[in-house]
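Trainee: The chain contents come next:
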Amino acid sequence: MAESAIAHDHGVSHGAHASSTGLSNNKMGMWMFLGSECLLFGGLISTYMLYRGRVSSGPQPNNIFDIPFTSVSSFILLMSSLTMVLAVSSAQRKDDRNTNLWLTITALLGATFVGGQVYEFTAFYREGLGFTTSLFGSSFYALTGFHGVHVSVGIIMLMALVGMNRNNRIPGDKAEVVELIGLYWHFVDIIWIIIFTLVYLIPS
Amino acid sequence: MSTVGTMKDRVAEPMKIMRRGRAALKTSLAVSALAFLASCARDAPQDTWQPAGPNAEQIDNLQRPVFYVAGVVGVIVFVAIGWAIWRYRDRGQAIPEQTHGKPVVEIVLTVIPALILLGVAIPTAGTIFKLAKTSDTEMTINVTGQQWWWEYDYPAVGSNEEQYGITAPIVTSGQLVIPENTKVLLRVTSRDVIHSYWIPKLNGKKDSVPGRVHLLRLEGAKPGIYAGQCTEFCGLSHSYMRMEAVVLSRADYDAWVANQLEAYTSPAAGTLAAEGEGVFIQQCSRCHQVNGLLNADGTPIISAPDQYIVSGVAPNLTNLMTRNTFAGASWDLLTPECREDVWKSDSVTFGAKYLKGVTTDCLNQKDLREWLRNAPLKKPMYANPENLAATGGKYRGMPALGLTEDQINSIVAYLLERK
Amino acid sequence: MTIIERPSTEVAIAGAVPVGVKPSEALGVFKRPAASSSWRDWVVTVDHKKLGIMYGVAAFVFFLIGGVEALLIRLQLIAPDGKVLNADQYNQMFTMHATTMVFLFVMPMAAAFANYFVPLQIGARDVAFPRINAFGFWCFLFGGLFLNSSWFLGGGADGGWFMYAPNSSTLFSPSHGVDFWTLGLQITGIASLTGAINLIVTILNMRAPGMKMMRMPIFTWMVLVTQFLLLFAIPVITVALFLLTFQRSFDATFFDVASGADPLLWQHLFWIFGHPEVYILILPSFGIISEVIPVFSKKPLFGYPVVAMSGAAIGFVGWGVWAHHMFASGLGPVSVTVFSMSTMAIAVPTGVKIVNWIMTMWGGKLTFAVPMLFAIGLVTQFTIGGLSGVTHAVAPSDTQQTDTYYIVAHFHYVLFGGAVFGLFAGFYYWWPKMFGRQLSESIGKWNFWLMVIGMNMTFGPMHILGLQGQPRRMFVWTEARAGEGLFNFGFWNRISSIGSFILSIGILLFIINIFYTHKMKKGALASNDPWDARTLEWMTDSPPKEHNFDVIPQINHLDEFFHRKYEQDSATHSVTQVHSADEVMAELNAHPDEHIHMPSRSYWPILLALSLPVIGYGLIYNRMLMAVGVAMVLLTMFGWAMEPATSPDEDFDPPESGDTHAKELVPHG
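Residue numbers (the numbering used here), protein chains in the order written: chain A, 518 to 721; chain B, 17 to 435; chain C, 6 to 674.
Calculated directly from the structure, the hints in this document are not laboratory data.
One should not assume that every hint holds.
[Said to hold, decoys possible] Short, incomplete list of chain A residues facing chain C, as computed with Cβ under 7 Å:
#	residue
1	S537
2	M549
3	F550
4	L556
5	L557
6	T587
7	G645
8	T649
9	S655
[As the list claims (entries may be wrong)] Facing chain A, from chain C, some residues (calculated, C-beta under 10 Å):
#	residue
10	I202
11	T207
12	R212
13	A238
14	A245
15	F440
By construction, the Cβ of each residue, glycine as well, lies at the ideal position given by its N, Cα and C atoms.
Construct the entire structure; sequences and hints are all you get.
Mentor: This is the structure:
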């Protein structure tokens, strides 16, 4: 979905100059998409909140979470929002070199987070929490897994952006494309703050 | 040729119509009342407009006025549409003024339905809470749905034991037996999928959800048999998941309880029924419990349906012939004539007839034998032994047992004595 | 002469293209497909009008499939202990009937009208994201075909369209039907979601100059509300479907009661989606008749702002009523009361609409062409459905009515008498604009009356059946519970089944009407403005050119087109025609725009959409196939992103080669 948002920049050349609200089609489309995503995560978070205490077998949330570790990886993801802001502002200054630099760093920070999540999932699995172990397991992996997929899609978009930028192949308004990906990235980060608070910090 | 009226006229016109509508109000009230009376006139076992107990009555008292109001509003709307169609059809009149609406009319016509709904809302809230009251419960029965029949379990505790002499748990199925004018609380749950318990003449429905216990109040005002049906889609044989509630006078109810608690008596040796007991132990007792049935070594036979059936239970057949339907209350144990006699009897004679149970003369041999021959043929069930991969080899429902006609004869003779 | 202009390198992709590279080759190695007049053009089109027509055709085919399913159901129930279908087939039939009618007919048919007419009504040349629009259509089509392919692969889903857990788990529904159902709806859900984003952005962002929100045609307003509902409702069902897929395909425990799961989770997720869905189905039809009634009353819509805002109010309150589907589910009395009250509250804005339609007719100059008949049909039939709806907003009486035929009667009055009648009003109203010929009025009248009589015969008796206690979703009903006298099950079931066939003849007449009009060429050629209408879509050709308008009009009024044709004396309020429709158009098009950029055709939407069922089949049958599907998705997304900005040169007018022979645009159809 979000990939198509980049791709769709060809559309800009057709319609951008006639926007009734002043907001470009692409940006408004991205906002709508993110609004819709809120409900997706809302559903998953509700499911988790309903089920997190329901452990018929396998480990309980409290004796499996490694709060310091997850705090660090959350901090890394949070920092990537900062680098994303820097990338957007570089793009707005038409500073290609720094745009690419900050995009790459953002992607690397994101990849570190996803790596941390993979590590965490493996560790949990070893401690006996599988996807099918309990309601807690199913809903925990579904929620954090969906988030992880979102981050991964974001990383792919960032890397694609860097690649296209290097070859000077970003169609349309380059700064806006970077900003759109930035919107998505910030959204995914904010969702993580909510997930981290509800899943890890508030004891069940 | 009419001209377009002034602004004032056009505001006034709907008001005029509404005044005329008020005249139509009385007529339509009478008409709809008549229609509903007619609907109540004949015997319909699941009629939602014929309450036979205080819970259903409360609902009825609430819904009747709502239906009347809805009917009147409907008539007004239809008259208005009809009038507009007739009065404003194109007769060559000039193009009307391009008016975008009159705020006064808008507000009035918004406030009126809002007020009507408010008038409906207040008694609705009151009734919801009245129906949810459970503090004055006099008897408690556990009701469990499974594919595709209902089990009733009368626990031997509290007022059940103290007031109604239920000194040992009574487990039965299909027909729920309750004393008249008694506030019975059903604790409804399920062993597999969601079902819904509904005896329309006694109360609205309540879903039976696995893992949850829902409370439903039933109270019958006079003796009789009240039909019901599972109303939450529960898979293949949803249509064949029926039930009845039987209301008995207090004296008859005591007799019913005493009979249910009576000790098991084996058939007299040498009879066909005694032969049937053997076949039953061999073929049926692994799933169907008959209390008091003994192994050769004198130990009680405990059925283990959880090994064979997904939902883990099969109907308890200890007193099968005290009930007059079987297999999810979908077929009669009584012949049509005997059924008529019991079901259509008045509230005074009903109790005695019901307590007679199923006699030899009255037994509906046809359906019972068809069932014993090949149950899944009669009632669709997941009971093909070759097709149980999804359930790990367990049945959903009763499989065909491949009984011989001799075995069936003996089992029927044996079952006839189960009362 | 309007010219579809080749985008200039400088404007379109500023700075991005190395010197000497044409825009049509700027990015990828794949050229965009050229315009043609063959079927290939339909496959690669991004034109909202062609997509609208394809939405309509596909949805209508699914409508016929769903109709056959309905007829089989009615045949089975015509007498006690029916033998036409067995229990398993019957359960599949009612599940697929509802799923088809809701997801594959009413929703996409509304999408057909929205796609075709929203850009025309707001004076736009296309939607905001034309390729995503095409992608949405193909997702709907392939999702629907995927879902229906289950009939040939072991049977359809058998858990009811509400698919309550735990009856939907593999333990209780071992066939693949439910898998096809979840994945099929997931795919059509993508269509709805992308369509929602697309139409919202189009409506908010691409209105003609001067068209403020409160000057938008009411149909566009209702589409806007509907798309917002979709935007927020679809992700909820997406979550529910994912959970069910994880449960069935990967042994997750979400609905496994033995692990402590709560089956009501599914019900809440489903109905949080499901109730807004009801308004998603009905609001576009409300929009259609809110266009039709003013046109055939020669009056503006009475209380336009109230109708628009009550639509928005319905859209808003519609989120707070979902648990009224669960009054018997065992919620506490407090929740039941709250949801009972909110359900009654939503009746107010709905009632306001009915009042406004009647008031629009009041004092008008009514003509009863077929679109108007269907519109009035909606008002009357929906009123019946709305009033029966109020009776089960009363929660205690709902516990008597829910899951009986009374509910079936209710929602068929609102969905068939409401949504479907509105769509038929739309067919007859907009047909001349879409296809350039008038459907026959006389066949149309038969069509209408047979449908009205048929639907009242079919669904009217269901009120009685339900109140007499006949539950829904039962493959047989029994004489033992049928009652006696006038109100017995037998008589009314028979009436209902006969009615369903009368209804079918009515619908058949619509198909006959199309053949009569087009194949037999009996339909009159349509003028640009056959109904003396009020909105912009009539201010262009029938059918419209690919670029919709030669000139985007400046909007000064609600009902702009009407105001260009008619003038009202401010003192006497008498209305006189000052211009004919053709004069208005001639004046408008005197100086056509010369800088029109139309989006180019693309292969990628259909290819990307085609990869999704591959993943679906893979998930059900073979995980390797699933990997192939995922690879296809990635490749097609890459192709999509790398696609050049514009079509090959020969697609432009005039060709760059300097050929002076001006090239006409490819005509529609």
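Trainee: Was the hint right that A:S537 lines chain C, CB cutoff 7 Å?
Mentor: With Cβ-Cβ at 5 Å, under 7 Å, it holds.
Trainee: Holds or violated: the hint that A:M549 contacts chain C, with Cβ atoms closer than 7 Å.
Mentor: With a minimum Cβ separation of about 5 Å from chain C (threshold 7 Å), the hint on A:M549 holds.
Trainee: Does the interface hint hold: is A:T649 within less than 7 Å of chain C, judged Cβ to Cβ?
Mentor: Because about 4 Å separates A:T649 from the closest Cβ in chain C, which is inside the 7 Å limit, the hint holds.
Trainee: How about C:A238: closest beta carbon in chain A under 10 Å, or not?
Mentor: This interface hint holds because 8 Å falls under the 10 Å limit.
Trainee: Quick check on the hint: A:T587 CB to chain C CB, less than 7 Å?
Mentor: 23 Å, violated
Trainee: Should the interface hint for A:F550 be scored as holding, given a Cβ-Cβ cut-off of 7 Å against chain C?
Mentor: At about 6 Å, which falls below the 7 Å cut-off, the nearest Cβ of chain C leaves the hint on A:F550 intact, so it holds.
Trainee: Using Cβ atoms only, decide whether C:R212 comes closer than 10 Å to chain A, and label the hint accordingly.
Mentor: Nearest chain A Cβ about 5 Å off; hint holds.
Trainee: So, C:I202 near chain A? Judge it on the closest CB pair being under 10 Å.
Mentor: 5 Å, holds
Trainee: Under 10 Å is the threshold here; is the Cβ of C:A245 close enough to any Cβ of chain A for the hint to stand?
Mentor: 7 Å, holds
Trainee: Would the hint on C:F440 stand, with a C-beta cut-off of 10 Å toward chain A?
Mentor: 26 Å, violated
Trainee: Does C:T207 pass the interface hint, meaning its C-beta sits closer than 10 Å to a C-beta of chain A?
Mentor: 8 Å, holds
Trainee: Quick check on A:G645 please, does its C-beta sit within 7 Å of some C-beta on chain C?
Mentor: This hint is violated: A:G645 lies away from chain C, its Cβ roughly 15 Å from the closest one there, beyond 7 Å.
Of the numbered hints given earlier, the model fails hints 6, 7, 15; all others are met.
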